[in-house]
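Knowing the structure of chain A, use the given hints to seat chains B, C and D on it.
Protein chains in written order, with the working numbering: chain A, 234 to 737; chain B, 234 to 737; chain C, 234 to 737; chain D, 234 to 737.
Check before you lean on any hint, since a few could be wrong.
Each pair may be met inside one copy or between any two copies, as identical chains are not told apart.
[What the hints assert, rightly or not] Cut-off 20 Å, straight-line C-alpha distance, at most; resulting in silico cross-link-like pairs (EDC-like, lysine to aspartate or glutamate):
| hint | residue 1 | residue 2 |
| --- | --- | --- |
| 1 | Lys691 | Glu654 |
| 2 | Lys562 | Glu730 |
| 3 | Lys240 | Glu450 |
| 4 | Lys681 | Glu715 |
| 5 | Lys367 | Glu427 |
| 6 | Lys722 | Glu379 |
| 7 | Lys456 | Asp501 |
| 8 | Lys303 | Glu594 |
FYI, nobody ran anything at the bench for these hints, they're computed from the structure.
Listed below are the residues making up each chain.
There are 4 protein chains.
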Amino acid sequence: MTDHIVKILEGTKVPFRNNVDYCIGTGRMGLALHKEYMAQLALVQDAIGFSYIRGHGLFSDDMALCRGYKDENGEPRIEYNFTYIDMVMDNYLALGIRPFLELGFMPSALASGEQTVFYWKGNVTPPRDYEQWKDLIKALLSHLIERYGREEVLTWPVEVWNEPNLAGFWKDADMDEYFRLYGHSAHAVKEVDERLRVGGPAICGVDDQRWLRMFLEYVRDHKLPLDFVTRHHYTIEPPRRAGHYAYAKLHDVEESFEVLEASRRIVDGYPEFAGMDIHITEFNTAYIPDCPLHDTNLNAAFIATLLSRLGDSHASYSYWTFGDVFEEKDVPFTPFHGGFGLVANGGIPKPTFWTFAFFKELEGACVHRDSRAIIVKTAAGAYRGVLWNADTAYTGESVTVSVELPGAEGEYFLVTRTVDEETCNPLKLWHDMGEPSHLMPGQLALLKEHARPLVTSKTLMSEDGELSFDLVLKPNAVVYFELSEVVRKSDRGYSYERVIQGEN
Amino acid sequence: MTDHIVKILEGTKVPFRNNVDYCIGTGRMGLALHKEYMAQLALVQDAIGFSYIRGHGLFSDDMALCRGYKDENGEPRIEYNFTYIDMVMDNYLALGIRPFLELGFMPSALASGEQTVFYWKGNVTPPRDYEQWKDLIKALLSHLIERYGREEVLTWPVEVWNEPNLAGFWKDADMDEYFRLYGHSAHAVKEVDERLRVGGPAICGVDDQRWLRMFLEYVRDHKLPLDFVTRHHYTIEPPRRAGHYAYAKLHDVEESFEVLEASRRIVDGYPEFAGMDIHITEFNTAYIPDCPLHDTNLNAAFIATLLSRLGDSHASYSYWTFGDVFEEKDVPFTPFHGGFGLVANGGIPKPTFWTFAFFKELEGACVHRDSRAIIVKTAAGAYRGVLWNADTAYTGESVTVSVELPGAEGEYFLVTRTVDEETCNPLKLWHDMGEPSHLMPGQLALLKEHARPLVTSKTLMSEDGELSFDLVLKPNAVVYFELSEVVRKSDRGYSYERVIQGEN
Amino acid sequence: MTDHIVKILEGTKVPFRNNVDYCIGTGRMGLALHKEYMAQLALVQDAIGFSYIRGHGLFSDDMALCRGYKDENGEPRIEYNFTYIDMVMDNYLALGIRPFLELGFMPSALASGEQTVFYWKGNVTPPRDYEQWKDLIKALLSHLIERYGREEVLTWPVEVWNEPNLAGFWKDADMDEYFRLYGHSAHAVKEVDERLRVGGPAICGVDDQRWLRMFLEYVRDHKLPLDFVTRHHYTIEPPRRAGHYAYAKLHDVEESFEVLEASRRIVDGYPEFAGMDIHITEFNTAYIPDCPLHDTNLNAAFIATLLSRLGDSHASYSYWTFGDVFEEKDVPFTPFHGGFGLVANGGIPKPTFWTFAFFKELEGACVHRDSRAIIVKTAAGAYRGVLWNADTAYTGESVTVSVELPGAEGEYFLVTRTVDEETCNPLKLWHDMGEPSHLMPGQLALLKEHARPLVTSKTLMSEDGELSFDLVLKPNAVVYFELSEVVRKSDRGYSYERVIQGEN
Amino acid sequence: MTDHIVKILEGTKVPFRNNVDYCIGTGRMGLALHKEYMAQLALVQDAIGFSYIRGHGLFSDDMALCRGYKDENGEPRIEYNFTYIDMVMDNYLALGIRPFLELGFMPSALASGEQTVFYWKGNVTPPRDYEQWKDLIKALLSHLIERYGREEVLTWPVEVWNEPNLAGFWKDADMDEYFRLYGHSAHAVKEVDERLRVGGPAICGVDDQRWLRMFLEYVRDHKLPLDFVTRHHYTIEPPRRAGHYAYAKLHDVEESFEVLEASRRIVDGYPEFAGMDIHITEFNTAYIPDCPLHDTNLNAAFIATLLSRLGDSHASYSYWTFGDVFEEKDVPFTPFHGGFGLVANGGIPKPTFWTFAFFKELEGACVHRDSRAIIVKTAAGAYRGVLWNADTAYTGESVTVSVELPGAEGEYFLVTRTVDEETCNPLKLWHDMGEPSHLMPGQLALLKEHARPLVTSKTLMSEDGELSFDLVLKPNAVVYFELSEVVRKSDRGYSYERVIQGEN
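Just chain A, with the same shape it has in the complex (with noise of 0.2 Å):
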């Protein structure tokens, strides 16, 4: 049992840029067309609501966009359908949710190789002519903006391709290419509207400072258009694999950030770009679709001490991914197969998804801000927190944090949701019902009504002036809490005590 003690003391401002909300990653876009897929990303929206979504294969061969077929003279040309694009933005729209535009994989009427990544064989050649990779992103972005209206398409932000520095998503990783690419890409959206945002490399960890700095000299060389800078961010060791299955360690988390604020760096390092919006377009524990860690309440809790700080480098961070509808590696054996997702298949949230829910309650100003807990004041005077437990995985034991409020007078109400091992673990309770592959209707209905916060409330006095009050935190706890004022008025004759004393 470890003491930590927060005490809260007015006046105090506390650095927290709470972005939670700002973007979500998803699977390939034709996935979007999915009854499951919906209805996954509708809980998310209903409990959490993101404002953008950013995923691959907006121009795969499965989205139908772009196709080549030979004129009555037999010359090649090339068109356009927008039948599956304008049916997955709908179904998007309709969830209140935008498109980070990810400009990618290459059509197979266009490209000029064959080598492909995934499942789903994305095609990762450039172009075979830049002019054809233009006219693609110009009728896509004047098609959205006939359908969906100029001010709104204005708000929908464009990266060039992914992971370029990969060989696996950009072929030979070929950086001079990737610039090549961008600089067309970047010139075809601008002469669309001058107005449309647009940015890169979306790199990840590989050789990442050397492709971040190369790529902000050529921007700046060629002057190029850059509205802002993308990055990933993953923190495992590398896995084991076993089976349809690969395991992995987490990082050291001050190691994981020094990795960001060295790119912060980079960037303010140029006077051309410094203080540009850094987004994180892709950030997790692991870096693959298969991996349990996903599923689990350490992976809640380790995402609580990310999500409290990405904000103080980052424009935004997008949690890669908000379901498991997914298919980069086939298509999941089991539902809890360690897939990205916020969302269990089923519609079964998992312990992450209640830390994006807690987190998205911070709205106002920090007040409080440390290892194990975040905590802000709201406009109407109520205190809210998040407190988290990522370190006592293999000890057991729990942490009890107390929480101290000089300067209280009278009732308050305070109500807390507990995500942990006990109260919220669907991974535990699926594998406690002897890991089915396929869920019976009676158990998925049982997992859904388990996997949520335990909410429990107390009615606490303030004494000398001073409120305090213990929560605590069990192994790879995430908790919420509420704390108000309350302002008593019982109803005439009302009188809880004689009721739960039992008095007639």
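Same frame as chain A, but now just chains B, C and D:
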């Protein structure tokens, strides 16, 4: 901490007739037109699913069923209007629930006097003319058969009036007059269709033994139709009022059952009626709609005792009532005003809601019953139980129940759903909020989020051919469990131990 | 076959203030708790979308707002209960409609007498004590502000009482007493917030000119707050009764407008009030809820005339009522009983429903108005019109309207939606069915399937720079059209001609 | 104007086996994961309600059912994944529709070659190893029985492969190889449960008579299980292509039936198979998914002829397909692209949708059938008929059908639902709009508002013991009528004549 041991022996047969979902009570019929009423009933039907619903006021003026007018010659005439009757019955049937028809109260057009009951002024005087009364019954039943089909309506029981042994409900509690009413009513019902079932006398516990005997003898002597006997059952000491509320203590439970056994013995004492179905067409703890006891966890635990035994001597037992859209004593001022309902206004399940939901799961053969536990074995071989603790409300002690299952082999899955004062106590949450009369949307959402059982699970392994586990019952707890064998089929490469140990 | 030519000249500006969707009437507030009421209102809001709703009985006993009781010392006291008020307002706001508050009728707890109006017994006597009346108004408005927010409630107009110039609605039609009531009420409103808008005198057409003058002079002389003037407007000759129904003939429409113009002139005749908003807080053809005229296509066509002109002199005009859940004269016996509603019970739109839906589409600048047509040009350049024929009901003749559009070039798309006695006449379908009092599900479904406009379309090509087309108005027809330019982009290889000619 | 007289004689018995709702076709199974697909199927089920659904690609790679992998020793193994299979079957059953299982195409993991069919690349080569193929079938059926219950799955018919007589669907149209496939498949099915029904050969109209004979003889000679015979049926001349589309003429309808009769005679010619059920597991006019004929009213009228007679010789006939979420030839560019569906993308019913909805109403004994009308008498004594006119498409003439009913007495209610080129022709409306590739919300709403039958009614009185009425069939019309006796019960005081005559 009291110990309590439950040993489940193979082959044991324990009496338990579970008819928890047969019938539920409701306020006056006119309220069944309300949106909030139907929303609460939908919630109840979704989670519990009763077969029948019984309430007052089918014939009362607000249902507009029966009106007097003068024809072109100035002669007084009676006409019928089924507009609201149909809306109510359509509403019920759409939720899969059928009416248990209670004939009453008296339409003004037929009444012999002006005495009324309740805020909503149900006329409780005999008809001026029994032929008109019979016509009314026949017109209604004939209309229902025309609209809903004969086979359907034949499944709807018919009860004559409500609590005629109370002067408030039947002018002067005039026994002879009630018997006349019963006779005419029963004949009218059978004139529509011999197969329709009719019963009475719907008495409650005042001078009830004499009423029951006299009623049965009257029926016998006059050769009246009688398909079932009905009575009511409440279990509190006289309450004391303060402002809008009344506070009450519970009866001793054994004394309470003795009252019922006396009725059973009376019925069985007449050869003509021995073994006849007795329907308890109303039961609850308090018999008033402003008794906060109804909203407590104690109520939930106490009702569990009743549900475990009421089927022994009764064909059914109908909890009064499903919801809090109810107006006997004016419109309630707050959501937790001590209404009869399983559901509080706004759609918040009260603890007793879950007692019913848990008993609903008890399908199969009873293998154990005692004063705080009942356990069945399902056709599929799982054990399901409900446990409760209504004894330690004022000591604060918990009771540990040890369940032992000799003859068990291998791996088992235990899931529990716990409703107690900490996990599911919306009354307390509302109190902690400051007892708001009018819930803001966020307050209502929080109450709903809280007002549900805590679900937890365990993997159990048998040892030496026996399985045992402990369940802790805090004061006023009601706990449901299901224990089933596990056939574990882990997917290729999946290791839960490796996941939770954070290995890679 | 009468001819009627409409020539739309570029640049013409025609007066037309379209406020069709400002306000709609409703039966007493207590019915807003009903499921069927809300279903009908949802239908209306979905298709038309009114901003405000006004009805009687906010203060009547069934709303339970105000009660007397005796305190512990036996002193009489007043207390307020907002349970039902909140349910009703929550229901309204959830459908995007706000209350136009009508203060009345008198709670029994405050009443000076026992005179009531309607089947539901609204007390129409003055308050015993005007301070209690003022307290009631202030308590209600303060509660509403607390629950819904000040900015929201400031948009809710407040009208004092209903038709005090009729002795049925206000004891003895006592003018002086009404003026006292108005004065106290208006002050009470402003004491809650100066910005709240208050008006009266809500008179209908009996001795209305004298009432209006005296009211304005009283307000002026006593320097009372007055933000708007209100009156009612019905347009039938005295009806004749038979059984449950009453039959009526329509007024001459010009005489009907003359009555309204007189009010406008009276108001404008006082310098203090010249130009002040007049809200017609009730209008319809018949003023009784059992007049079958309301259910006819003639009603729909006649109302079109009113909607085309009522905005000329009035800030708004509120059709009485949106639906047929309404109880002034008892509960209706059949679905087509001549209720006021736009929607019949069961959710069947009546023809007049579509008149409102069509007028709702008339956004933009009016380019033509005559006695059977009104046409606007939208911001996007399309023409939208409503045409009607209320003149040939008894001759059976159709009217052909020729619309000519000089200055048109190219291809146009004309779509029409027709409501007439053949295409959309649920009253006749119900009659043909045999006038069933209680609709079986198949009958209801058929009525709904029928009760909607026939939609047809045409491709029009301009000739010599002019476009013209004919629309045929059968007796009692209301026809909507939209005419817009077509930019045709046939897909590669698609030929509609080839399709319909069955070529291969 | 052609005349056509229908005389309904009491006691006439006319053959008509109405199995219109037995089965419906669908594109590949993988699309059943789509939201839009399910929305269209829900629409179809709501209005028509088919019992079974049959489509391709159950075993294709995108369903992820079957995969190869190497075990720890590097040995190749096969594993099964039911994740998507379950989602699809859950989706179907939730809409009350069951699969008519078509075994195919070949999973890559089992395939002997690489030949594929369709845009979505279904592998059409035989299995490398028939034991693996049998294992796959048995694994699937066993899983389905485990999940959905044995009694349920026993109702699901199983068909072996699709159109093996076409080289595009089965490598080289290799007859011997198909017979081997059939034999192994049929045995695998019966090894799971003898009661499962299996059939084939699912041929279409190329060399079909020889295939059918050889198949039956092979089955007979090898004593293979065979519970039913299947074939397909399309009714156009060879189409001509232009761009994305193909245009086709209809076959002569009698020649079309003759092809089917030939199959029937072949089957009946073998004593072992005489009278065996023949299921037409696909039928439509055109056999290509880009033939605009499918979207026309002509298609609706022509299909009526087929529906009136196909039951004579066949157990069922499955229209290909329910909706336009379908990808054989790439993703469609526009909503009206000539897809097979009863429903166009966006959820717009095509005219043929209503032909099915109308035939669905034909319950009871057939009393009349000719080349443009079919009439039944229901158990309740009403007459229901469907009439059609597929003959005058290119003359523009209407056909008047006079229906005569000798022996009628009293008052009758006639309701008609008309689908023709004026009342319900969404293709034309879309054309008039300018053939937009992507529907804006208002355009979609308008198309849906239009795409439904016009409902009209009449009161008919018999004269001299006979009733007669005329129905006018415009070109390509399909008209439904119901005629029933009226028992008129007007409410007290209600006079429809007085209403419409505007009396007071």
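Checked hints:
1. Lys691 x Glu654: between (22 Å within a copy, 12 Å between copies)
2. Lys562 x Glu730: neither (59 Å within a copy, 23 Å between copies)
3. Lys240 x Glu450: neither (47 Å within a copy, 66 Å between copies)
4. Lys681 x Glu715: This pair counts as between: shortest inter-copy Cα distance 17 Å, intra-copy 24 Å.
5. Lys367 x Glu427: within (15 Å within a copy, 60 Å between copies)
6. Lys722 x Glu379: So Lys722 and Glu379 pass the 20 Å test across copies only (14 Å; inside, 55 Å).
7. Lys456 x Asp501: Answer is within; shortest intra-copy Cα gap is 18 Å, inter-copy 67 Å.
8. Lys303 x Glu594: Close neither inside one copy (55 Å) nor across copies (45 Å); limit 20 Å.
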